[in-house]
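Asker: Top line first, the protein sequences correspond to chains A and B. The first sequence maps to residues 1 to 115 in the working numbering. The second sequence maps to residues 1001 to 1116 in the working numbering.
Quick caveat, the hints were computed from the structure, so don't treat them as lab data. This structure is a prediction, so every number in the text was calculated from the model and none was measured. Treat the hints loosely; a few may be bogus.
Said to hold, decoys possible - Sample of chain A residues lacking proximity to chain B, with all beta carbon distances greater than 12 Å (derived):
no., residue
1, Q38
2, R58
3, T72
Claimed, not checked - Using C-beta positions, here's what the derived DEER-type ranges look like:
no., chain 1, residue 1, chain 2, residue 2, range
4, A, N8, B, T1086, 20 to 26 Å
5, B, P1008, A, S25, 42 to 48 Å
6, B, G1063, A, N13, 33 to 39 Å
7, A, R81, B, Y1050, 32 to 38 Å
8, B, T1086, A, I112, 47 to 53 Å
9, B, D1038, A, R58, 38 to 44 Å
All C-beta atoms in this analysis are idealised placements derived from N, C-alpha and C, irrespective of residue type, glycine included.
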Amino acid sequence: DAKTTQPNSMESNEEEPVHLPCNHSTISGTDYIHWYRQLPSQGPEYVIHGLTSNVNNRMASLAIAEDRKSSTLILHRATLRDAAVYYCILRDPIYSGGGADGLTFGKGTHLIIQP
Amino acid sequence: DAGITQSPRHKVTETGTPVTLRCHQTENHRYMYWYRQDPGHGLRLIHYSYGVKDTDKGEVSDGYSVSRSKTEDFLLTLESATSSQTSVYFCAISEIILDRGNYGYTFGSGTRLTVV
Chain A
1 DAKTTQPNSM ESNEEEPVHL PCNHSTISGT DYIHWYRQLP SQGPEYVIHG
51 LTSNVNNRMA SLAIAEDRKS STLILHRATL RDAAVYYCIL RDPIYSGGGA
101 DGLTFGKGTH LIIQP
Chain B
1001 DAGITQSPRH KVTETGTPVT LRCHQTENHR YMYWYRQDPG HGLRLIHYSY
1051 GVKDTDKGEV SDGYSVSRSK TEDFLLTLES ATSSQTSVYF CAISEIILDR
1101 GNYGYTFGSG TRLTVV
C-alpha cells in the first residue's frame, strides 16, 4: 500500500467543522482513499472512501485534491463522540488481492474535541 | 452490524502458558483477520483467513498460529505466551460492501491480553 502522511494530533471545538488532512504524494491511479476511525477502547470503523470525486455520507465528507496527492476528511459539526484516531489508508482493489489481504494502518491523527 | 464477537474480552496469563483467543462471526463472511495494537506501533496484521482451513501470515506472525475449521470461528493461539505479546487483539472481517470491488472492514471490540 502506498504511504500516507497525517498530522499526529489535532484539536477542535465542539460543534465546529473539522478538517483532517492526509498527504499521499505517491498515490497510483487505481488507489482508493479510505478513512477509518478508532474511538477509545473500540476497534476501528469505516468512515468513507473515494477515488477522484468528493464524497459525502452521513458520517463525513471526503474532499480529494485535483491531482489526488492529498485529501481532507471533513466532519461538518464535531461532537465529543467524534474524538478518535483517524486513519487515512490507500487501497488498490485490483492489486491488493481484491482488497481482502488486510488493511495497513499508519499512526493516524488523534482528534481531540474540546467542549 | 457484522456480528463479530471476541472472547475473552480480558485475560491475564503467565509467561510460557498457551492462550487461545476466539473470534466468532454470524454472517458467513469469507475473510477474517487478527490484528494486534500496541502503543507506538498502531494496528498490525498477525494472520488472516480467506476461507475454511485457508490462512496466511501477516506482518507480525511469529509466535502466533491460527485455525479456521468453521466459517464462523477464527482462533488465534499463542503457543507459549511471552510478555512481548501483551497487547490488545482485534478480530476483523471484510466484505465487498463498497463500490468497484473495494472491501470494507468491520472490527470486533478487542481482547486485552496481559502476559505476566
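Asker: Would you list, in rising numerical order, the hints stated earlier that this structure does not obey?
Answerer: 1, 6, 8 and 9
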